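Here the protein sequences come in this chain order: A and B.
Per the working numbering, the first sequence starts with residue 94, numbered consecutively.
Per the working numbering, the second sequence starts with residue 8, numbered consecutively.
Since the hints were derived computationally from the structure, they do not count as laboratory data.
No false leads were slipped in.
Cut-off 16 Å, straight-line C-alpha distance, at most; resulting in silico cross-link-like pairs (EDC-like, lysine to aspartate or glutamate):
no.	chain 1	residue 1	chain 2	residue 2
1	B	K128	A	E264
2	B	K26	A	E264
3	A	K154	A	D105
4	B	K26	A	E270
All figures in this text were calculated on a predicted structure; none of them were measured in a lab.
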Amino acid sequence: MSEKIKVLYIDDETDNLTGFKASFRTEYRVLVAENTIQATELLEKNADIRVVFCDQRMPGKTGAAFFEEIKTRFPLPVRILITGYADIEAVIAAINKGNIFRYIRKPWIEADIFSAIEEGNKFYLASSMLQVKNQELEEAYSELDKFAYSVSHDLRGPLTGILGAIDIAREMSDLKEIRELMVLMEKSVFKLDDYISSMHDYYSSRRGELKIADVDFNVLADELKDIYRIYTTTNKITFTIRVNQLESFRSDELVIKMILNNLITNAIKYQKKNFHDKSIDLDMSVRNGIAAIRIADTGIGIPENHFKEIFNLFSRATSHRSGSGIGLYNVKGALLKLGGNIDVSSVLDEGTVFTLTIPSK
Amino acid sequence: MNLSFIIVENVELDRYIAKKLIRNLAGGARVEIFGSARAALDHITAVSRNTPEPAIILLDLMMPKMSGGDFINQFEALPETIRSRYRIAIVTSSMNKAETQRLSKRDRVLTAIEKPLTHEKFAAFLAQIDGGFTGS
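Given these sequences and hints, build the entire structure.
Here it is in structure tokens:
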């Protein structure tokens with residue numbers, strides 16, 4: 094076992110405390126308190142206490158009353174009352190109110206305490222796990238809320254635009270005018286398509302397991318050149334890729350491709366209009382077990398106050414271009430999965446540089 | 008009545024549709040177009056005192072940075088002399104009906120039209136405001 098279970102014992106008789114400590118200190122990490130004030134302080138300082146034993150009969154406050162008091166403030170530690178026969182009514186009341194997990198009869202024997210700690214620990218782990226799951230659920234729900242917004246904004250928005258365009262096209266007879274409308278409709282369709290592929294990336298990268306294999310960045314570079322040749326030539330963008338891979342590298346190639354595709358698509362999408370020297374520069378090198386990737390563009394840039402939030406879900410730094418606000422969120426999530434990192438630096442109206450590091454697995 | 012429209016919409020296609028429908032159904036109306044709520048609000052604040060005729064603002068809700076809701080909030084803070092020259096018609100594809108409903112009840116907001124904006128819907132809207140809005 095990696096770490097001892099932390100246990101707190103409260104009793105006004107110091108002899109009992111000493112005896113308890115002597116009996117269980119080898120198996121558990123034992124903390125003791127002579128009164129409930131000391132006990133509260135210890136609970137505050139030790140958030141990892143898993144089981145609390147408390148004597149029922151103490152001057153000032155009974156064990157049952159103390160447990161009732163700490164129940165909401167320190168909900169996780171499992172509460173066990175130690176008491177004699179005379180207090181059986183108090184014990185029953187405390188159990189029924191849910192204030193204690195179980196009780197141990199006084200004078201206790203070691204076997205009872207051991208079993209109480211082991212059982213209490215199981216209960217502690219189960220409820221901690223439940224708490225973690227609850228938190229995950231809450232996060233999932235808040236993501237779902239954002240998704241609902243995004244469905245009406247990013248899916249329904251372009252669709253209603255296209256429907257409206259069809260409606261006005263019915264009244265049009267001028268071919269030139271109709272063509273003009275088609276260009277705008279096409280943009281909306283591209284936006285929808287863009288959104289759907291990033292949603293796909295999002296869900297597959299969240300659920301999927303990593304498939305680790307050798308990654309050859311030279312092969313990857315050739316593929317990327319092929320994929321983006323048409324886009325870059327029609328948009329008059331100089332796309333250069335340099336690779337310097339001196340050793341083998343292991344990672345999930347599909348995930349790396351998804352990351353690069355997102356960054357390259359952004360670099361193409363956010364170029365300055367009417368700028369003559371458009372370029373995208375991709376540099377990939379592998380050294381000492383780390384792949385360092387740098388992608389620089391001559392685009393519109395990102396305002397500095399947006400650097401942090403661009404990786405958030407549905408965040409958009411610009412209102413002028415089509416974008417779903419999911420791409421960079423996916424990139425960040427994928428890099429976390431690979432154990433990598435991403436940094437951004439940018440100058441408005443000059444360009445953006447993304448720097449990535451990915452460790453070999 | 009001499010109508011005047013201000014389109015506040017971040018999506019190019021939707022701006023085009025609104026402009027076209029105004030041309031088709033409200034012939035001689037003046038149209039001003041803004042791609043963001045901020046730009047529209049700045050314009051209104053700057054020129055409003057000299058605007059000869061009252062204008063109807065066709066307001067999209069889901070816009071980045073400053074939403075249609077934010078626009079309405081800031082519009083309400085403007086002086087009465089400016090506000091009285093405008094009426095707002097919300098045009099949205101939002102599926103958050105409750106929010107749209109709430110916003111459509113705000114001061115100076117005439118109605119909420121669900122996208123897609125079509126000849127039929129826009130004609131019905133024009134019939135609804137016909138003679139009913141002359142500024143105040």
